[in-house]
Amino acid sequence: MNKDIQKKTKQTETPQEENRMRRLVKKVHLETKELVLLQILIGVFLLMSILSPGRFLSVYNLQSMAYQFPEFGIFALAMMVIVVTGGINLSITYSATLSSILGAVVLVSLNNLGVPPLVTIVIGVLVIIIISIACGALNGLIVAYIGITPMLATLGTMTLFEGIALNITKGGAISGFPDMFQWFGNSAILGIPVPLLIFVLVIIATYFILQRSSFGAKVYMIGCNPTATRFSGVNVRKVLFLLYIYSGILTGFAGIIMASRYNSAKESYGYTYLLQSVAAAVLGGTDISGGFGKVFGTVVSVLILQVISSGLNIFGVNRFITDVIMGMILIVVLTINFVNNRMEEKALLSKKVVTA
Amino acid sequence: MKKLVLKATILTMALLMVGSVVFAQGQTAAQDDEITIVVMPKLVGIPYFNASEVGAKQAGEDLGVNVIYTGPSTADAAQQVRMIEDLIAKGVDAIAVAPNDPAALTPVLRKAKQAGILVLDWDTPADQSVVDLSVHQIDDKEYGQHIWDLLVEEMGDTGDYAVVTGGLSAANLNGWIDHGLAYAKTQYPKLNLVTDRVPTDEKQQIAYQKTLDLLKAYPSLKGVVGVSTPAPLGAAQAVQEKGVAQKVAVVGTALPTDSKPYLEDGSLRVATLWDPSKLGYLTVFLAKEMLEGKKPVDGQDVPNVGKITVWEDGKTVIMGPPTDFTKDNAGQFSF
Numbered sequence: 001m002n003k004d005i006q007k008k009t010k011q012t013e014t015p016q017e018e019n020r021m022r023r024l025v026k027k028v029h030l031e032t033k034e035l036v037l038l039q040i041l042i043g044v045f046l047l048m049s050i051l052s053p054g055r056f057l058s059v060y061n062l063q064s065m066a067y068q069f070p071e072f073g074i075f076a077l078a079m080m081v082i083v084v085t086g087g088i089n090l091s092i093t094y095s096a097t098l099s100s101i102l103g104a105v106v107l108v109s110l111n112n113l114g115v116p117p118l119v120t121i122v123i124g125v126l127v128i129i130i131i132s133i134a135c136g137a138l139n140g141l142i143v144a145y146i147g148i149t150p151m152l153a154t155l156g157t158m159t160l161f162e163g164i165a166l167n168i169t170k171g172g173a174i175s176g177f178p179d180m181f182q183w184f185g186n187s188a189i190l191g192i193p194v195p196l197l198i199f200v201l202v203i204i205a206t207y208f209i210l211q212r213s214s215f216g217a218k219v220y221m222i223g224c225n226p227t228a229t230r231f232s233g234v235n236v237r238k239v240l241f242l243l244y245i246y247s248g249i250l251t252g253f254a255g256i257i258m259a260s261r262y263n264s265a266k267e268s269y270g271y272t273y274l275l276q277s278v279a280a281a282v283l284g285g286t287d288i289s290g291g292f293g294k295v296f297g298t299v300v301s302v303l304i305l306q307v308i309s310s311g312l313n314i315f316g317v318n319r320f321i322t323d324v325i326m327g328m329i330l331i332v333v334l335t336i337n338f339v340n341n342r343m344e345e346k347a348l349l350s351k352k353v354v355t356a
Numbered sequence: 357m358k359k360l361v362l363k364a365t366i367l368t369m370a371l372l373m374v375g376s377v378v379f380a381q382g383q384t385a386a387q388d389d390e391i392t393i394v395v396m397p398k399l400v401g402i403p404y405f406n407a408s409e410v411g412a413k414q415a416g417e418d419l420g421v422n423v424i425y426t427g428p429s430t431a432d433a434a435q436q437v438r439m440i441e442d443l444i445a446k447g448v449d450a451i452a453v454a455p456n457d458p459a460a461l462t463p464v465l466r467k468a469k470q471a472g473i474l475v476l477d478w479d480t481p482a483d484q485s486v487v488d489l490s491v492h493q494i495d496d497k498e499y500g501q502h503i504w505d506l507l508v509e510e511m512g513d514t515g516d517y518a519v520v521t522g523g524l525s526a527a528n529l530n531g532w533i534d535h536g537l538a539y540a541k542t543q544y545p546k547l548n549l550v551t552d553r554v555p556t557d558e559k560q561q562i563a564y565q566k567t568l569d570l571l572k573a574y575p576s577l578k579g580v581v582g583v584s585t586p587a588p589l590g591a592a593q594a595v596q597e598k599g600v601a602q603k604v605a606v607v608g609t610a611l612p613t614d615s616k617p618y619l620e621d622g623s624l625r626v627a628t629l630w631d632p633s634k635l636g637y638l639t640v641f642l643a644k645e646m647l648e649g650k651k652p653v654d655g656q657d658v659p660n661v662g663k664i665t666v667w668e669d670g671k672t673v674i675m676g677p678p679t680d681f682t683k684d685n686a687g688q689f690s691f
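Chains as they are written, first to last, in the numbering used here: chain R, 1 to 356; chain Z, 357 to 691.
Derived from the structure by calculation, the hints contain no laboratory data. Glycine included, each C-beta is placed from N, C-alpha and C at the ideal position. Warning: the hint list may mix true and false statements.
Said to hold, decoys possible - In silico lysine-lysine, DSS-like type, Cα no more than 30 Å apart, as pairs:
id: 1; chain 1: Z; residue 1: 546; chain 2: Z; residue 2: 572
id: 2; chain 1: R; residue 1: 170; chain 2: Z; residue 2: 559
id: 3; chain 1: Z; residue 1: 497; chain 2: R; residue 2: 170
id: 4; chain 1: Z; residue 1: 616; chain 2: Z; residue 2: 497
id: 5; chain 1: Z; residue 1: 578; chain 2: R; residue 2: 170
id: 6; chain 1: Z; residue 1: 541; chain 2: Z; residue 2: 572
id: 7; chain 1: Z; residue 1: 572; chain 2: R; residue 2: 170
As the list claims (entries may be wrong) - To give a feel for the contact side, a few chain R residues facing chain Z, derived at Cβ under 7 Å:
id: 8; residue: 55
id: 9; residue: 175
id: 10; residue: 186
id: 11; residue: 187
id: 12; residue: 270
Said to hold, decoys possible - Where chain Z lies over chain R, by a calculated footprint (3+ residues, C-beta under 8 Å):
id: 13; segment: 193 to 199
id: 14; segment: 310 to 318
With these hints in hand, go ahead and build the complete structure from the sequences.
This is the structure:
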């Protein structure tokens, strides 16, 4: 809805005015969306703390949650950056597991050869990152240069990655890493879990790339209107290609954390994160048809989902009920956002009449 | 605007509150002095694990311990790890888990042990270095051989046959098939396996489809072994539809209630399995005994379960031999 207005204004107004307008739209829009999300986060946190006192709100549980959400959060961001362009990346979990499986093969064979653990791990991690870049590049190539719809393209690569992974593992899990590799997923620096630190770095990087760089501005523009963006002199293909590579790198990070946390690599690890990460992105205010979405919103919604999941688990609620509650929250938040959007639109339209 | 946001938030909170309270009524609050034992299946909501839930809960009532039967709604090892982490935070006395992937659970089970929690595996073995007790339904070797004995009983010891399995990565299914194939090689050398084991994603529909393909590709087929509970049913369905139930013998591992119609029309000759509710019962029973410092002994008679076998390592427990289901007795079982 909002997007349409943006599109209209784009054609009629001068660039400066358009920018001011967009900033205004963004500001109003996000403030309410983020406010809702933050309130919900605080709300569910308090609720869980009251319902299971001493258990939910214990140092152990807070730490345990901090080990749990980073891998999910990174997947959610890998999904979000693509959804912002109006696309979707269905291959994120298998790209992560394929990278970690190939990395695992290297880790295990070097370890067996007696290569020092530190060298082994550095090479293993490099392999994971390189493969994840390759996975992202393949997605980017198919979507940006061949021009296949993202959903179909990534559905294809998802199956491809799964197939390659299965051929390597023959359905089993690869384990036998150097013990030091567990550091990425199971250790803490000054009490802060390493996966959380990796997640924070990913958040900062994604924030600057998406929301503080000219590259990011182009990404949002593509999400709003790819044709208009192309005619305004942006190399749409290149931007999309690079963005899919970035999404791929993120899945590589998630792959490292998962391989370390589970001390093994297998093609199916984390496959349930796929739809959850779409949910987290959308819950965080990302427009599924593109042009909109913020790092902050996605991260907060990841935290909300984690608090609910852990809280209900500690509380002893049946897993299906947990799914029901998550679904309810998603629908409620989307409804709130929809209603807010419409009201803002009205406000904006009347304002425009006055100023014009 | 703010008002609306506030209203909506309150609404959400109210929904959550109501939801939680409603569901909380179903949960009896655990007393702190009561023993709490967690039994975690690979996933919740399939007949097999529903049956073991009944047994585990029954044991909880009989023995006066608090049993939490919970697991992920999809068979994802990552979700199991997260749930176990939450349960460690909750503070329970024992965790018995049927791992979706043994290797993936090793770090988190080690964490549980460090937190002073008794760690068991049941149904499917976990990494043996981290578990205090391993509860097996069956001796894998004996079971694999038993399935092939049944096959030969139904199709004779000569001819072509195929194996339809749940999935290529399931360790227990692979174990039975490997034992069965090795046994057939020495014991029944005239049996001819026409193709590699065929995976069916733990789904009856796919087993049905794959068996139809097999029947087409190998017209000389005389037998089909279905391993994993939906596989024999799908195979039987295919054999029945093609009208070759007389010619092709289907045997396998299936629940008696599910397989009853196929047993009755003869498309499934015989099914063999253990009672999953007994397995749930035994798991809780042994966890409680271990928490009280009593180790299981070989030949011990467990109420409602029967005599158990304990291996020499002192921590591997076998529930007992399988039960065969035919059209005559399938109606007597409730799982």
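>> Please list, smallest to largest, the hint numbers that this structure does not respect.
In response: 11, 13
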